[in-house]
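Enquirer: Take a look at the letters that make up each chain.
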Amino acid sequence: MNAFIDFIMGPMVWISFLIFLGGLGYKLYRIIHEVRTKEGYVFSYLTWYHSLRSIGAWLIPFYPRATRQQPFFYGASYIFHLALFVVPLFLSAHIVLVEEAFNVSWPALNDTFADLLTVVIIASLAFFTGRRLIQPEVKFLTTAQDFALLFIVLIPFLTGFLAYHQVFAYQWMMILHILSGEFMLIIIPFSRFSHMITAALTRAYTGSEFGNVRHARDW
Amino acid sequence: MGEIRMKTCLTAMLVVLAFCFGTAGAQELIRMDTYAFDSTRRPAAVFDHDIHNEAAELDDCAVCHHVWENGTLVEDESSEDSPCSECHGVNPTQENEMALANAFHTKCRSCHIDKGAGPILCGQCHRKMQGGE
Ligand code: HEM
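Each protein sequence line maps, in turn, to chains A and B.
When we follow this note's numbering, the leftmost residue of the first sequence carries the number 876, and every step to the right adds one.
When we follow this note's numbering, the leftmost residue of the second sequence carries the number 6, and every step to the right adds one.
If you're looking for bench data, these hints aren't it; they were derived computationally from the structure.
Source: prediction; values computed, not measured.
Where a beta carbon is used, it is the ideal one built from N, C-alpha and C, also for glycine.
Check each hint, because a few of them may be wrong.
Taking CB as the label site, the calculated pair distances span [unchecked claim]:
1. Asp43/B <-> Ala878/A: 32 to 38 Å
2. Thr98/B <-> Tyr916/A: 56 to 62 Å
3. Leu934/A <-> Asn96/B: 31 to 37 Å
4. Ile954/A <-> Glu59/B: 50 to 56 Å
5. Ala1023/A <-> His54/B: 45 to 51 Å
6. Asp43/B <-> His908/A: 50 to 56 Å
Throw the hints in and build the complete structure from the sequences for me.
Expert: In structure tokens form, the structure reads like this:
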């Protein structure tokens, strides 16, 4: 069992990160290549200034008008995305593992605070699920895949939470946690999770078309 | 008839309960002394020195209580009179880049992985405190 756990905590982490980063890099290359061959005129008005301006505007909470029209949804979305990155990157347990592997470390969140943020993430996921089940205009556009993606994010956080509290079946909870975390990383480039890079491209395109062609704002 | 069955049931439940509390009380775990850390994030690690080393068949004290000089391990010398914290600071230093917690993790986990026995996950060493501990 130790050999298996060592494999998923060692080589498998490398494999997951390689697929995650390599996959995103390849995806970025493919998109740019495709736009260049099929719709090259986009580059005639694409500018760094208008792209970054639009990305920046959409990064400021409640600055774009659309976000103010749905304050509850966007509020949950902002908090969720922030915690989604902050918790795994600044969790003391994850830093302990990195320190053991590379002898480098960085400041960690207080464990109780990380625990609280984990509950916030789980609650946000419940809210997003409920919204897809109840709100008619969203329900209409929802497919099984949307629920599958929410579930894939839920599992590493739920199992991490249960493992941290050593509630039951600690070893199996940990194995499930590690495998589900790695699975989530691996499918990012091949699923809608790739919006972590494509969202910026959409803003660059829209921001440049609105800013540079129509001389309007897109937020 | 029904009353006898009821009594048997109750007695059985009491026996089970007594057994649970009995073993919970007996299950006192020997843990590490964490005095070297200013504050702790986790319950102290489970470690019963002599029982551990007997079970793991570790006769050579220097496997854990080692001595280093000028960046190299000194063979055939041991440091069992010093706690690890005498040389390993809570934070890494110029002379010793291996911080205390990392020294423990590296030492303990690497052997458990090599030997295929012993705990390697956080909660298997830093076991949650049970009531009464
Ligand atoms: C890549 C492989 C991963 C490994 C090896 C790993 C390892 C660990 C370990 C050892 C713990 C501590 C459990 C304990 O206290 O007993 C933990 C906790 C946790 N991990 Fe991971 N993890 C991985 C990926 C992830 C990912 C991808 C996420 C989320 C996206 C994540 C989120 C968490 C959370 C939320 C906790 C619990 C924090 C709390 O409730 O206080 N982990 N992880």
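Enquirer: Are there hints from earlier that the structure breaks, and if so, what are their numbers?
Expert: none
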